[in-house]
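Trainee: Sequence:
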Amino acid sequence: MFGCKHKTEEEKAYITGNIAGIGTDTIYLYRVDEVSDWIDTIYVKNDKFLHTIQVDTGCQMILLFTDGQTYPVFLDKKNRIDIKGNIEHLDLLDVKGNPVNDELTAFLQRLENRKTVSETTIAEEVDSFICKNNSSPASVYLLTNYLVRTEQPDTKRMKRLIEVMIGELQDKPYVQRLKEMVDRVEVAESGKTIPSFTLTNMEGKQISRFNMKSEYLLIHFWASWNAKSRLANAELRKINRIYTNKEKKRKKKEKDNKKELALLGISLDTDKKDWKQAVKQDTLIWEQVCDFSGWSSDVVKQCAILKLPTNVLINSKGKIIAYNIKQDSLSIKLQELIK
703 MFGCKHKTEE
713 EKAYITGNIA
723 GIGTDTIYLY
733 RVDEVSDWID
743 TIYVKNDKFL
753 HTIQVDTGCQ
763 MILLFTDGQT
773 YPVFLDKKNR
783 IDIKGNIEHL
793 DLLDVKGNPV
803 NDELTAFLQR
813 LENRKTVSET
823 TIAEEVDSFI
833 CKNNSSPASV
843 YLLTNYLVRT
853 EQPDTKRMKR
863 LIEVMIGELQ
873 DKPYVQRLKE
883 MVDRVEVAES
893 GKTIPSFTLT
903 NMEGKQISRF
913 NMKSEYLLIH
923 FWASWNAKSR
933 LANAELRKIN
943 RIYTNKEKKR
953 KKKEKDNKKE
963 LALLGISLDT
973 DKKDWKQAVK
983 QDTLIWEQVC
993 DFSGWSSDVV
1003 KQCAILKLPT
1013 NVLINSKGKI
1023 IAYNIKQDSL
1033 SIKLQELIK
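Take 703 as the starting number for the sequence shown in the working numbering and just add one per residue.
Hints in this document: simulated from the structure, not taken from any laboratory. All of these numbers come straight from a predicted model, not from anything done at the bench. Heads up, a few of these hints could be off.
Said to hold, decoys possible - When the alpha-carbon atoms are kept at most 25 Å apart in a straight line, the in silico PhoX-like pairs for lysine-lysine are as follows:
1. K858 x K834
2. K861 x K1009
3. K714 x K780
4. K798 x K747
5. K1019 x K894
6. K861 x K1003
7. K1019 x K1003
8. K1009 x K930
9. K948 x K1019
10. K907 x K1003
11. K798 x K780
12. K894 x K881
13. K894 x K1028
14. K961 x K948
15. K1035 x K930
16. K874 x K834
17. K786 x K714
18. K1035 x K894
19. K1019 x K1035
20. K1041 x K951
21. K1003 x K858
22. K915 x K1019
23. K950 x K1019
24. K798 x K834
What the hints assert, rightly or not - Restraint-style ranges between C-beta atoms, simulated for each label pair:
25. R862 x K978: 40 to 46 Å
26. K974 x K798: 39 to 45 Å
27. K1041 x K1021: 18 to 24 Å
28. L752 x K974: 30 to 36 Å
29. K1041 x R862: 40 to 46 Å
30. D784 x D1000: 38 to 44 Å
31. F912 x K780: 51 to 57 Å
32. R862 x N720: 35 to 41 Å
33. K858 x K1028: 20 to 26 Å
34. D758 x E917: 50 to 56 Å
Where is the CB? At the ideal position from N, CA and C, for every residue including glycine.
Let the hints inform the model, and build the full structure from the sequences given.
Mentor: Right, dumping it as structure tokens:
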């Protein structure tokens, strides 16, 4: 399975959809490996769409909606995939048309029907699914999105489940990428040192973490097209305001120029105009950098960035204090470190 082509192959797959409330809109269709690798565009009219794509064998695609939400769709030649849903719940679509989509849809709906499910329970459910469906591409999706891209990934469990996968899955490039993800997560664990990097800021100046003269540096990975990133920017404005005010009061009292906390935004945008516009709209007054390489950026790979938004808190020596912790936990951690 997987290995999607879209230009010269004669075989086709058909995607039909009806998403209530979406109206007339655009949905982008991407490869599974990198969201920045554009494939095709689906045009929606009056909540409905019909799209044809050429494939030679099975592949996983990602639907990217204009609000930044994404959803997986598995395609194979001659498939007729049907997608139903509601604009209010783009995170839970009903995708049918082949066994892989059917398996994944059924699993996600079971989780949704249980309403309140802890992260521990979800991990156990995903573990069980993968063990029972160890030759299904859906297992790769679940492992990546529910076990790898979490606040505190369990690398031992991830490695065990990768080994459980059998058949042609083990020989496919995406499983090799998954193994690389796990290795990068281990590198980014708390207590290790973040790799050095240099990126260009809004004024065209080269910025590295060594330029940020502070006891602690909070690095925020985000993108203009990612809705959750934009919400996180609002929370970071509060943090910046709190610690800027603390800094002013401390300097008056102690009369030194030592900075305790600095913020650095690293964007995964590929379009300079979109990036600059988002920085202006979100009033991001702290340092912002971008190399316009999206998910292919070296710093994204080096820092094990697997989802957006992601934050990394380091000390002045580059040691990782916290990696991808939730906003409330981040605030508590900063209060502990900066009195």
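Trainee: Work down the list of hints and note, for each, if the structure agrees.
Mentor: Hints and how they fare:
1. K858 x K834: At roughly 19 Å apart (the allowed maximum being 25 Å), K834 and K858 satisfy the hint.
2. K861 x K1009: holds, 19 Å
3. K714 x K780: holds, 5 Å
4. K798 x K747: holds, 21 Å
5. K1019 x K894: holds, 10 Å
6. K861 x K1003: holds, 19 Å
7. K1019 x K1003: holds, 20 Å
8. K1009 x K930: The given pair, whose Cα atoms are some 10 Å apart, holds under the 25 Å limit.
9. K948 x K1019: Holds: K948 and K1019 sit about 23 Å apart, inside 25 Å.
10. K907 x K1003: This hinted pair holds, its Cα atoms lying about 22 Å apart.
11. K798 x K780: Roughly 14 Å separates the two Cα atoms, so the pair holds.
12. K894 x K881: holds, 20 Å
13. K894 x K1028: holds, 20 Å
14. K961 x K948: Between K961 and K948 the Cα gap is close to 10 Å, so the pair holds against 25 Å.
15. K1035 x K930: holds, 21 Å
16. K874 x K834: Measuring from Cα to Cα gives roughly 20 Å; hence the hint holds.
17. K786 x K714: Judged against 25 Å, a Cα distance of about 21 Å means the pair holds.
18. K1035 x K894: With a Cα-Cα distance of about 17 Å, the restraint between K1035 and K894 holds, given a limit of 25 Å.
19. K1019 x K1035: Distance of about 18 Å is within 25 Å: holds.
20. K1041 x K951: holds, 12 Å
21. K1003 x K858: holds, 20 Å
22. K915 x K1019: Measuring from Cα to Cα gives roughly 11 Å; hence the hint holds.
23. K950 x K1019: holds, 24 Å
24. K798 x K834: Satisfied, since the Cα-Cα distance of roughly 20 Å is no more than 25 Å.
25. R862 x K978: 40 to 46 Å: For R862 and K978 the Cβ distance comes to about 44 Å; the hint holds.
26. K974 x K798: 39 to 45 Å: holds, 40 Å
27. K1041 x K1021: 18 to 24 Å: holds, 19 Å
28. L752 x K974: 30 to 36 Å: holds, 35 Å
29. K1041 x R862: 40 to 46 Å: holds, 42 Å
30. D784 x D1000: 38 to 44 Å: holds, 40 Å
31. F912 x K780: 51 to 57 Å: Holds, since F912 and K780 (Cβ atoms, about 55 Å apart) stay within the stated range.
32. R862 x N720: 35 to 41 Å: holds, 40 Å
33. K858 x K1028: 20 to 26 Å: Roughly 23 Å apart at Cβ, these two residues keep to the hinted range, so it holds.
34. D758 x E917: 50 to 56 Å: holds, 55 Å
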